[in-house]
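Protein sequences, first through last, are from chains G and X. So in the UniProt record's numbering, spot 217 of the first sequence is number 217, and the numbers just go up one at a time. So in the UniProt record's numbering, spot 223 of the second sequence is number 223, and the numbers just go up one at a time.
Possibly wrong hints are sitting among the right ones.
Put simply, identical chains are the same to the list, so a pair is met inside one copy or across any two.
Said to hold, decoys possible - Within a straight-line C-alpha distance of at most 20 Å, the following computed SDA-like cross-link-like pairs (lysine to any residue) qualify: (1) K307 with E256; (2) K148 with D308; (3) K285 with F209; (4) K144 with G261; (5) K285 with D210; (6) K285 with G213.
Simulated from the structure, these hints should not be mistaken for laboratory data.
2 protein chains.
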Amino acid sequence: MEKVNVAIVGATGAVGTKILEKLLERNFPVQSIKLLASKRSAGTEITAGGHTYVVEETVPESFEGISIAFFSAGGTISEKFAHEAVTRGAIVIDNTSAFRMKEQIPLVVPEVNADALNGKAGIIANPNCSTIQMVTALQPIREKFGLKRIVVSTYQAVSGAGSEAIDELESQSLQFQERATIQAAILPSASAEHHYPIAFNVIPQIDSFDSSGYTLEELKMMNETKKIFGDNELSVVATCVRLPVVTGHSESVYIEIGKEGVSVEDIQALLAVAPGVVIQDDPSKQLYPMPLFAEGKDEVFVGRIRKDPDHPAGFHLWIVSDNLLKGAALNSVQIAERLVNFIQ
Amino acid sequence: MEKVNVAIVGATGAVGTKILEKLLERNFPVQSIKLLASKRSAGTEITAGGHTYVVEETVPESFEGISIAFFSAGGTISEKFAHEAVTRGAIVIDNTSAFRMKEQIPLVVPEVNADALNGKAGIIANPNCSTIQMVTALQPIREKFGLKRIVVSTYQAVSGAGSEAIDELESQSLQFQERATIQAAILPSASAEHHYPIAFNVIPQIDSFDSSGYTLEELKMMNETKKIFGDNELSVVATCVRLPVVTGHSESVYIEIGKEGVSVEDIQALLAVAPGVVIQDDPSKQLYPMPLFAEGKDEVFVGRIRKDPDHPAGFHLWIVSDNLLKGAALNSVQIAERLVNFIQ
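Next comes chain G alone, as it looks inside the complex:
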């Protein structure tokens, strides 16, 4: 297999550093890795896999000779540089929401719709973190029994809002303990007009609001899920909520499948052999997924599988995954692996 020249835009961020880690850990066939970031971060040294990389400022010429460019520096940067990279021959794997819903852009979770990559060049979009873990867990169920409806409520970690949000949760937790004034400047989002404490609190807002009353995060889950599954008849509604958890998104997912008479054991049997999925589901042993134990792990964890006693095709699932890994960095690297036909 030919080795490739790779660039990571946003290399100093929470997701960018994980992309580098995953490329090295998974022995992705790299010829060279170029770390790119803002002018402010240029010159920063990052050591990984026994090699020290010097971060460079992102400019159009950065992408000369690059085959695969990972973008994870916010939508504005992707809009500014993704086409520059493509013009210079790179395939862009974009972690922002800039291109996800554009019709001609594939939106890919390899376990679900790797075939959307076939023959595609240009920009490939990596879905939203909360969408990825949900569709990964639901795909085997959908494939076997069909899927009519999803009602999801999320329990999302602050690392999804970047490393500043992690710092804010930590400093607020200290302020609470010292009975000091709580300083809130980042969450629900840095650009929001009002900021609220996240420590010992729950904020039912992620990203900004649409005129429909839904947040953009909720609309991402609703729209991206339909696109990834290629099913506009599927009903998907979401409520997205931020919690005082550092890393690991949890989701309470209610589904109606396309068949009656299916048992919890049938669902468990499907998920037991599903790629990227680990079942943690044994009430008698108090076994169920929790974010604290999913942090740093690649898999999507599923538990609390229950049948709706009032609806013959209704089931609950509790789905947890590391939002920085399968929800972002890992999924991007898995897309790259498919592109270069490198399957571990």
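Go by the hints and put chain X onto chain G.
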């Protein structure tokens, strides 16, 4: 109005102390208040409203001459002493799950089914905290448009598991900051075989598991809601989750009502005049309920009201309330007010 002799069983607990506070704050017409607890707590002095009460051990004779006895010391104590109190002429308002689903026992949220109290003596059951706030918010909608279906996911505070759970959250938060070993001995419940950290984590287990895979907390929400609404055709499914929040339960509630063509504004107009309910719902001002701001307040706060774009009768609501007040102590005192015909 005649003044009454009141007893509070479990007076030193998280809910018991709030019952005393609410009785005094709301000028409930008391002749005397007797504070009862375990032998261990007997002799404890509690000062409230300028008066110092000495806690006594609960024995059958404690209820001689008592007209209303509040029970909030766990199911076992209620099973042991509630009938003793009734035998001696008291009406028992029970905060535990001991009698809630017994057919002849009224299960009451005054805003919803106060008429269930008519002519009743003996034991009156106070519903589960997470049930109370949900039915209070849904009652006006149900009354006007009908209610077919509820899918609820909860975000519950640790104070629902007692003051030991609050202490555990606080000490674990410190242990995290000091990078010390996390000590978990209380949650998900003191009697559980396995205990998990709650600080910076999410535990999808409240109370123990039933053979169906649902937890008792989830079954409480499902069964109590049907009983309070007097509607066994109503479909209710719940996922109950514990969070690192001290006080204030939040709920992501999806409903299907009995009528199509209803707007978000129609729902808001109903809730705006609903007793015990406050709407906090203006996305343009980032106004929505959060537990940190509901703590210490009597009302049930409702926001994030949205229409399901894929279902003509589907709506989301985000419902938050202080689980120790409307979820427990306040609702009990409101039941007592109805019993003695004392309406503020």
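Worksheet item: So which of those numbered hints doesn't the model satisfy?
Response: none
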